[in-house]
Amino acid sequence: RFVLCFDEQKNHQNNKQLDIFLKHWSMKNQGVVARYYKSVLHGHAPAHVIRDSIVNSFRTDGIDIKRLLMIGRDNPNVNKTVEKLIDQELKKVGGELLKVGSCHIHVIHNAFKSGEKSVRKYFN
Numbered sequence: 001r002f003v004l005c006f007d008e009q010k011n012h013q014n015n016k017q018l019d020i021f022l023k024h025w026s027m028k029n030q031g032v033v034a035r036y037y038k039s040v041l042h043g044h045a046p047a048h049v050i051r052d053s054i055v056n057s058f059r060t061d062g063i064d065i066k067r068l069l070m071i072g073r074d075n076p077n078v079n080k081t082v083e084k085l086i087d088q089e090l091k092k093v094g095g096e097l098l099k100v101g102s103c104h105i106h107v108i109h110n111a112f113k114s115g116e117k118s119v120r121k122y123f124n
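Every letter in the sequence shown is one number past the one before it in this note's numbering, and letter 96, counting from 1, is 96.
Derived by calculation from the structure, the hints in this document are not laboratory data. Some hints here could point you the wrong way.
As the list claims (entries may be wrong) - FRET-style restraints, in silico, Cβ to Cβ:
1. 110 to 34: 19 to 25 Å
2. 39 to 117: 38 to 44 Å
3. 41 to 111: 33 to 39 Å
4. 121 to 92: 42 to 48 Å
5. 116 to 15: 42 to 48 Å
6. 36 to 78: 16 to 22 Å
7. 91 to 115: 26 to 32 Å
8. 11 to 56: 45 to 51 Å
9. 27 to 88: 16 to 22 Å
Unchecked claim - Below 25 Å or equal to it, Euclidean Cα-Cα: the simulated BS3-like pairs (lysine-lysine) are:
10. 66 to 28
11. 80 to 99
12. 23 to 80
13. 38 to 28
14. 28 to 113
15. 10 to 38
16. 10 to 23
17. 38 to 16
18. 23 to 38
19. 28 to 10
20. 28 to 91
21. 66 to 23
22. 23 to 91
23. 92 to 80
24. 99 to 66
Only a predicted model underlies this, so the values are computations on that prediction, with no experimental measurement involved. Cβ coordinates follow ideal geometry from the N, Cα and C atoms, glycine included.
Please model the complete structure; the sequences and the hints are all you need to start from.
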């Protein structure tokens, strides 16, 4: 399973660029690995164009969209429509995004922190 992270920004030629990164758990490294996947150039893009860029890239490169676990966002108020559209694509193939709130990093961090505190007494 993997997490999709993406960011729209202007490149050095002042064109809009969609940078796509993937994060996954690595057994070898015993941690989360973040890898640059690709960049897609387009002008100002509505949510459906971003969704199409991501979904079509996965298809072209043989990445199974059903392995997508969640979408990482740096701000809980951005890309909500993209997330909804990608979730609809997943549902077409029998999948679904994991929903843990608008800011998954804080939710998961706090859950881990709480779990670590509860078992700390057993591992002194």
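Results of checking the hints against the structure:
no. : hint                  : verdict
1   : 110 to 34: 19 to 25 Å : 21 Å, holds
2   : 39 to 117: 38 to 44 Å : 41 Å, holds
3   : 41 to 111: 33 to 39 Å : 38 Å, holds
4   : 121 to 92: 42 to 48 Å : 47 Å, holds
5   : 116 to 15: 42 to 48 Å : 44 Å, holds
6   : 36 to 78: 16 to 22 Å  : 20 Å, holds
7   : 91 to 115: 26 to 32 Å : 30 Å, holds
8   : 11 to 56: 45 to 51 Å  : 20 Å, violated
9   : 27 to 88: 16 to 22 Å  : 31 Å, violated
10  : 66 to 28              : 23 Å, holds
11  : 80 to 99              : 12 Å, holds
12  : 23 to 80              : 19 Å, holds
13  : 38 to 28              : 23 Å, holds
14  : 28 to 113             : 23 Å, holds
15  : 10 to 38              : 15 Å, holds
16  : 10 to 23              : 23 Å, holds
17  : 38 to 16              : 14 Å, holds
18  : 23 to 38              : 13 Å, holds
19  : 28 to 10              : 35 Å, violated
20  : 28 to 91              : 31 Å, violated
21  : 66 to 23              : 15 Å, holds
22  : 23 to 91              : 21 Å, holds
23  : 92 to 80              : 19 Å, holds
24  : 99 to 66              : 15 Å, holds
In summary, the structure is inconsistent with hints 8, 9, 19, 20 from the numbered list given earlier, while agreeing with the others.
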